[in-house]
Amino acid sequence: MLRRLLARWAFPALPIGFAVVFVVLPLALTIAVSFWTRVGLVVRPAFTFTSYEAFFAGARLLVFERSFLASIEATVLGLLLAYPIAYFLAFKVSPRAARTVLLLFTVPFLVNYIIRAFAWTWLLGRTGLINTLLMASGLTNEPLDWLLYSDVAVLIGLVTSYMPFMIFPLWLSLSGIDRRLIQASWMLGAPPARTFLRVTLPLSLPGVFAASIFAFVGCFGESAIPVIMGGVGYQMMGNSIASAMDVLNYPLAAAISTVVLAAMMSLLLVWYLAFDARAFLGMILRPGK
Amino acid sequence: MNSLSIWTRRDFVRIGLASAGAASAWAAIPGTARAAGGTVNFADIGVGDPGGDWSLFTKAANGWNVNLVAIGNAPSAILNVLVAGGGTASYDVINIVGGMQKPLVDNDLIEPLDTTRLPAWSRDRNIAEFLGKGTPGFNFIGYQDKLYGVPTVLQGDSFAFLPEKTGPLDSYAALFDPKFKGYVALEDNYTTAGQKTALYLKHANLAKIENPADMTPEELKTVVDFLVEQKRKGQFRVIWSSFQQAVDLIVNKEVYVIDCWEPMVFVAKSKGVNAVYADPKEGYLLWAMAAYLTKNPKRSAEATQAAYALLDFMLGGWYGAKITLLRGYMTNTDAPDYAKAHPDQFPAEGAEKVAAITANVHRKFAQGGTWQNRWPKHVDVYETEWARFKAA
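Chains as they are written, first to last, in the numbering used here: chain A, 1 to 289; chain B, 1 to 392.
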């Protein structure tokens, strides 16, 4: 009996133990510290909302709102770009070609993300390649300032950084759709657009949501792109947390992190309630496989 | 019969006297490491590395080596390394921008220095001239009347400009001049950009600021309100936060006036850009790097002696000249003479460069300005106000 019980729990105990030690405990500690108090440079256990008050009353709330909006914009734009690519790879090319293209989408990640952001500044700057070409072609008389150190620049940086991450779950989800369902729609007389809207898109929604979560979470915590490509003092939540830590205000940094965590967990909860995770892998759609 | 039996009593006396003499001589050479083959662990922010060449130290310190580890310069990064990362056990010496004594001493992370163990200390005239007790510069190496840091680098910061775009400039007012609207960059740092702005506002009688180096919350609010107003008018193109970013801004002519460090101008010039580092009438933002001995009760006497030997080496001519050449900062008063006297190690052109940089920075210190304050009394207010400026 005991042996059977051990055999049953020994295997899952390893990942569960790992998650508890390396994920749950640090997060719990972060939440606890957010209520602690700071005396001089020392942090002492307490239960106070001082750090939350500082967050919600100060400029950091604006940063939170900006991060939220910028992340939504980048996620929506990323989806609009990634979905057609994933669709094309899943339905229009051979599996071998799809694998090759997917591999190519991983190439940018071989370059350090800070170098990638700097590369954008060289392209988008007043004397950069794009402005030079625009002026040389006569399309503009002077450089477009808003191409760099602006909200647009941050959006470009975020979309190009996180869009490739979105292609993979979308492709996975689209590839898992049973083709017979699409064929049945055609045979019943639905035009391609209607088949897409009524069959393909709904069945790929788990992938859409997974891709959105990947992109949104990444964008929300991004710290390098806003600093390198953003306008005067453009910050996102990662920068705000780092700034609080610079003066050793750990309770405030923990409070900001907790607010971010709560926002992310809410999104994950929506995903959990709205979709069965197995649908993401096509297991429900293709029973028996 | 063992081998000792062949020794006579006279041999023992002779060897004994010789050993005692050697020990006395050894003790009389302060700063010399007395045990061979160890390693001094040296944490540095990227300025104190003499190109990886520690051979002269090893030779002078009886075989001790240096293990250099790069760390960040932000106060939190340093304190995290020393507190959370167990850095006092991992590192013997940390070389960072000074003025951090309060948090370092209050957290029991560094030791007061015994300058009698540093023969080069009394030779470095910069210490007496700019960093002595009772002067604002003392805050970069001392705290509450005790000495904690060996000054390794000194510099005075202002701003850079492109003269073909702006003409000659000699005031921080250029950073806020509407003529350069959209072509100005500031550093993302309240102890540099914030303090320079305060210096300008004070000198231009635009705000009542007692001490730009340690402002009250009200004074700081005035400064940040001014910066927010400038930001909303579109005065600034960007706030930079890394060396490469600032260099790119100058080299690509993205901005014409930039609050920055002088070595960035050296790099821009090396790339063919005619950038000038300003000589502002309001004075400079003065600062110094300091090397601290970490507090580690378990460190052996030999390792402590070797750490002192390293601190003394860093006050020496070879190290100073090397760092001046590599980084463009003034180091110690031995550096120019050493470089000139050792053409085998420093070719004439290099020696001239060391002398020129040293003379230039010395002139800045003589002119004065405001000393950067890395840990102002109201540091939390500084951080919060700076966040307000950035979010505005």
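Source of the hints: derived by calculation from the structure; they are not laboratory data. There's no promise every hint is true.
According to the in silico footprint, chain A covers these stretches of chain B (three or more CB under 8 Å from chain A) [claimed, not checked]:
id : stretch
1  : 45-57
2  : 98-109
3  : 326-333
4  : 378-386
Derived lysine to any residue pairs resembling SDA-like cross-links, with alpha carbons at most 20 Å apart [as the list claims (entries may be wrong)]:
id : chain 1 : residue 1 : chain 2 : residue 2
5  : B       : K231      : B       : A173
6  : B       : K231      : A       : R66
7  : B       : K377      : A       : D178
8  : B       : K253      : A       : V42
9  : B       : K253      : A       : E142
10 : B       : K102      : B       : K133
11 : A       : K92       : A       : D178
The C-beta atom is built at its ideal place from N, Cα and C for all residues, glycine as well.
Hints, one by one, checked against the model:
Judged by the Cβ-Cβ criterion of 8 Å, the stretch 45-57 of chain B is not covered by chain A as claimed, because only 0 of its residues qualify and three are needed. Against chain A, the stretch 98-109 of chain B contributes 3 residues with a C-beta closer than 8 Å to a partner C-beta. That satisfies the three-residue criterion, and the hint holds. Evaluation of the coverage hint for the stretch 326-333 of chain B: breached, as 0 residues show C-beta separations to chain A shorter than 8 Å, against a requirement of three. Here the stretch 378-386 of chain B counts 6 residues with a CB under 8 Å from a CB of chain A, which clears the bar of 3, and the coverage holds.
Between the alpha carbons of K231 (chain B) and A173 (chain B) the distance comes to roughly 15 Å, so the proposed pair stays at or under 20 Å and holds. Annotation: proposed proximity of K231 (chain B) to R66 (chain A) holds, straight-line Cα distance about 17 Å (limit 20 Å). As the CA atoms of K377 (chain B) and D178 (chain A) are separated by approximately 66 Å, the hinted pair breaks the 20 Å bound. At roughly 45 Å between alpha-carbon atoms, K253 (chain B) and V42 (chain A) are farther apart than 20 Å, so this suggested pair is violated.
A C-alpha spacing of about 14 Å is found between K253 (chain B) and E142 (chain A), which places the hinted pair at or below 20 Å, so the restraint holds. With a CA separation close to 16 Å, the supplied pair K102 (chain B) and K133 (chain B) stays within the 20 Å bound. Of the supplied pair hints, the one linking K92 (chain A) and D178 (chain A) holds, its CA atoms being roughly 15 Å apart against a limit of 20 Å.
Of the hints listed earlier, those the structure fails to meet are numbers 1, 3, 7 and 8, in rising order.
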